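Keeping the supplied structure of chain A fixed, place chain B upon it in accordance with the hints.
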Amino acid sequence: MSGTDGKAAILGNIRRALGRGELSGAARAECEARLKEHPSNLIPARSKLPKAEQVELFVKMAEAVKASVTRVARDEDVPGALVGYLKGQNLPSDVVMAPDASLDRYGWQSERMLSVRRGRPEDADQVGVTGALCGVAETGTLMMASGPDHPTTLNFMPETHVVVLRAEQVVGAYEEGFNILRARGATLPRTVNLVTGPSRTGDIEQKIELGAHGPRRLHIIVVGD
Amino acid sequence: MTPVIPPTTSHVFRDNSVKALANPQLQRALSNIRRDFVDSRGRALADLPEEEYAALKAEAKALKDHTLAHLDFYLERFAAKVAETGGEVHWCATAAEARETIIALCKRYNAKTIAKGKSMVGEEIDLNAYLEAAGLRPIETDLGEYIIQMKGDRPSHITAPAIHLTKEDVGDLFAEKHKRPRKSEIPALVGEAREMLRPRYHEADIGLTGANFLIAETGSSAIITNEGNGDLSQILPRAHIVLASIDKIVPTLEDALTISRILARTSSGQEFTVYTTFSTGVRRAGDVDGPAAFHVVLLDNGRSKLLGTKQEPILRCIRCAACLNHCPVYKSVGGHAYGWVYTGPMGAVITPALLGVERSGPLPNASTFCGRCEAICPMSIPLPSLMRHWRETEYERKGAPAAYRHGLGLWAFVAKRPRLYALATGLGARVLGCFGRGRGRLSALPLAGGWTGTRDFPAPEGATFRAQWRAAHGRG
Numbered sequence: 001m002s003g004t005d006g007k008a009a010i011l012g013n014i015r016r017a018l019g020r021g022e023l024s025g026a027a028r029a030e031c032e033a034r035l036k037e038h039p040s041n042l043i044p045a046r047s048k049l050p051k052a053e054q055v056e057l058f059v060k061m062a063e064a065v066k067a068s069v070t071r072v073a074r075d076e077d078v079p080g081a082l083v084g085y086l087k088g089q090n091l092p093s094d095v096v097m098a099p100d101a102s103l104d105r106y107g108w109q110s111e112r113m114l115s116v117r118r119g120r121p122e123d124a125d126q127v128g129v130t131g132a133l134c135g136v137a138e139t140g141t142l143m144m145a146s147g148p149d150h151p152t153t154l155n156f157m158p159e160t161h162v163v164v165l166r167a168e169q170v171v172g173a174y175e176e177g178f179n180i181l182r183a184r185g186a187t188l189p190r191t192v193n194l195v196t197g198p199s200r201t202g203d204i205e206q207k208i209e210l211g212a213h214g215p216r217r218l219h220i221i222v223v224g225d
Numbered sequence: 001m002t003p004v005i006p007p008t009t010s011h012v013f014r015d016n017s018v019k020a021l022a023n024p025q026l027q028r029a030l031s032n033i034r035r036d037f038v039d040s041r042g043r044a045l046a047d048l049p050e051e052e053y054a055a056l057k058a059e060a061k062a063l064k065d066h067t068l069a070h071l072d073f074y075l076e077r078f079a080a081k082v083a084e085t086g087g088e089v090h091w092c093a094t095a096a097e098a099r100e101t102i103i104a105l106c107k108r109y110n111a112k113t114i115a116k117g118k119s120m121v122g123e124e125i126d127l128n129a130y131l132e133a134a135g136l137r138p139i140e141t142d143l144g145e146y147i148i149q150m151k152g153d154r155p156s157h158i159t160a161p162a163i164h165l166t167k168e169d170v171g172d173l174f175a176e177k178h179k180r181p182r183k184s185e186i187p188a189l190v191g192e193a194r195e196m197l198r199p200r201y202h203e204a205d206i207g208l209t210g211a212n213f214l215i216a217e218t219g220s221s222a223i224i225t226n227e228g229n230g231d232l233s234q235i236l237p238r239a240h241i242v243l244a245s246i247d248k249i250v251p252t253l254e255d256a257l258t259i260s261r262i263l264a265r266t267s268s269g270q271e272f273t274v275y276t277t278f279s280t281g282v283r284r285a286g287d288v289d290g291p292a293a294f295h296v297v298l299l300d301n302g303r304s305k306l307l308g309t310k311q312e313p314i315l316r317c318i319r320c321a322a323c324l325n326h327c328p329v330y331k332s333v334g335g336h337a338y339g340w341v342y343t344g345p346m347g348a349v350i351t352p353a354l355l356g357v358e359r360s361g362p363l364p365n366a367s368t369f370c371g372r373c374e375a376i377c378p379m380s381i382p383l384p385s386l387m388r389h390w391r392e393t394e395y396e397r398k399g400a401p402a403a404y405r406h407g408l409g410l411w412a413f414v415a416k417r418p419r420l421y422a423l424a425t426g427l428g429a430r431v432l433g434c435f436g437r438g439r440g441r442l443s444a445l446p447l448a449g450g451w452t453g454t455r456d457f458p459a460p461e462g463a464t465f466r467a468q469w470r471a472a473h474g475r476g
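Top line first, the protein sequences correspond to chains A and B.
Residues 1 to 225 in this note's numbering are what the first sequence lists, from first letter to last.
Residues 1 to 476 in this note's numbering are what the second sequence lists, from first letter to last.
One or more of the hints may lead you astray.
With a straight-line cut-off of 30 Å between C-alpha atoms, the simulated DSS-like cross-links for lysine-lysine are [as the list claims (entries may be wrong)]:
hint : chain 1 : residue 1 : chain 2 : residue 2
1    : A       : Lys207    : B       : Lys151
2    : B       : Lys19     : A       : Lys207
3    : B       : Lys61     : A       : Lys7
4    : A       : Lys7      : B       : Lys310
Some residues of chain A that are not near chain B, with every Cβ distance over 10 Å (derived) [said to hold, decoys possible]:
hint : residue
5    : Leu49
6    : Ser68
7    : Arg74
8    : Ala81
9    : Gln89
10   : Leu91
11   : Ala101
12   : Asp125
13   : Arg217
The hints are simulated quantities; they were obtained by calculation from the structure and are not laboratory data.
Computed from a predicted structure; not experimentally measured.
For each residue, glycine too, the CB sits at the ideal point set by N, CA and C.
In isolation and in its complexed conformation, chain A is listed as follows (with noise of 0.2 Å):
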């Protein structure tokens, strides 16, 4: 009896249990009123900073949690710290890059050996390069949505993760991330990911262990100051 049995009998049932009828008046008002202004509670006051602060709190917390951070000054570095980045763990310089076109300033042309293909992954491909919506500083945390510009794919499959992300993209916490979003759109993207770190299992003796099912290793190339 699942469907529209199964509705009322879940909704007869949690009505009857909180002695009341449908929602209605005041109450129903407040409901309505905390789904339209979603009110933020409290955000911890670590990454209340002025922004050059902020980055660094985002790097020192990207870190912690067994991140790669590169800093560097300008748009045409990028390549060259990629490359650099990939020669220094031995990995391959052929990367499935995020068809996303705010790359495209990046130049990547400039390297000659870094041969690039835009698109999803697959399972050969060892190597993924995406944007970010935002980087948290609260916890160094990386907050992505899919689109056409960012197939989500790419940022699970690969074994490694590189990210290109902007200094002034760098906010304080979660909350402003989800702002940029309700300021896109009146839906949210298909998925929106925050990702702290690379992947990690404690499943067998609550033992660490990188890399279990998405990224190994998670590299975040800083543009800017």
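Chain B only, in chain A's frame:
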């Protein structure tokens, strides 16, 4: 095919515990909780000022209480939002309805293989057994769940399902089932599971996950994980089914974020869990990945009848497992002794609610009433009082053992008659004092084998407390 359901053994908690205490392999595995969970929780809390943690806790409790008081409203809003984003909500009052709905969806999508993220509600309704009986192939992808599915065990912990196994046990199991050389180190075992599971996500027709939150404002479901398996499970197959109970609803994204902040700290000792993922409806025009179908199977299964009762606070539970990790009883006997899927103090409260107190009578007694669970609970659930309420219910339905009931009845009769009480206790003290003379203790006592089986009973010395009080203070 008839589903093969492991029996529930909550009603024989005492026997289960005796076996658990005598199992050296289990005791070795349980020692990992003592070392790790508790220490890392302390560290993560240290990074957040105490007053901020207290304020977050108070907000989380208040928002959950508000939601429960308006549960019908928020559930309806959630369902309407899911429909707006191309998904569908299936309202299921019972476990059987939820299972039938999921099996019907598998048929609708002509599905054979189901990649599963971790879901305690899935365990609660024995979903895998029913899917297999319907000719389907459920594959657990969370490492702990993968291990216990392979072994045919129930989870023994709500966030670390295979905590009862050591790496040697996992090495033996993988060697047998994967038919590969036996590995003995954790990195190699994790790598082998990763390699075995990756193709399964691609084979799966449907991805099924649980939910940490259902968000009324946006119609999103959210999962909080460290491995990324729940994400691969929902973005690679063509349909995503979310299985969630009605108590998972919160009003807004802000409310979900507040609870997420305390969940990570209190559950695993992290500042924030690695992956917090919000899934809203179906893939959009132009998206190159993500599921084309989105279904939420919303389960009541007895939760709504807790609203407005003394047990309502357990509906605030966010399944962080801090109460298990800090419980001296859980840490001594492990999760399987609790005889079903929910374990530790939260299990001792929720199991009688869902299975019935007649099938789980001993669980509310599985406590030393030390109060650590209540002190540690991020949602301020008064777990010891809730256990006490179940004890009262159990007593009212005369579920307590006859000796206990008659003994207490006899004591009440005597205690209400002061002269008789003085006579009986005075006599008792003299008789026991005689037996224990010289040693000061008794190693066997009629009707008290439960005590003297494992330790001596101190022999009374001299007069009763009341007699001594009278002698020292007069009748005053």
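Taking the hints in turn, this is what the structure says about them:
1. A/Lys207 <-> B/Lys151: holds, 21 Å
2. B/Lys19 <-> A/Lys207: Holds: B/Lys19 and A/Lys207 sit about 26 Å apart, inside 30 Å.
3. B/Lys61 <-> A/Lys7: Satisfied, since the Cα-Cα distance of roughly 27 Å is no more than 30 Å.
4. A/Lys7 <-> B/Lys310: Distance ~25 Å between A/Lys7 and B/Lys310 Cα, so the pair holds.
5. Leu49: Answer for A/Leu49: holds, closest chain B Cβ roughly 15 Å.
6. Ser68: With a cut-off of 10 Å, A/Ser68 remains clear of chain B, as the shortest Cβ separation is near 15 Å.
7. Arg74: holds, 31 Å
8. Ala81: Holds: least Cβ distance 24 Å, greater than 10 Å.
9. Gln89: holds, 17 Å
10. Leu91: Per Cβ check, A/Leu91 is outside 10 Å of chain B; nearest 17 Å; holds.
11. Ala101: holds, 13 Å
12. Asp125: holds, 12 Å
13. Arg217: holds, 13 Å
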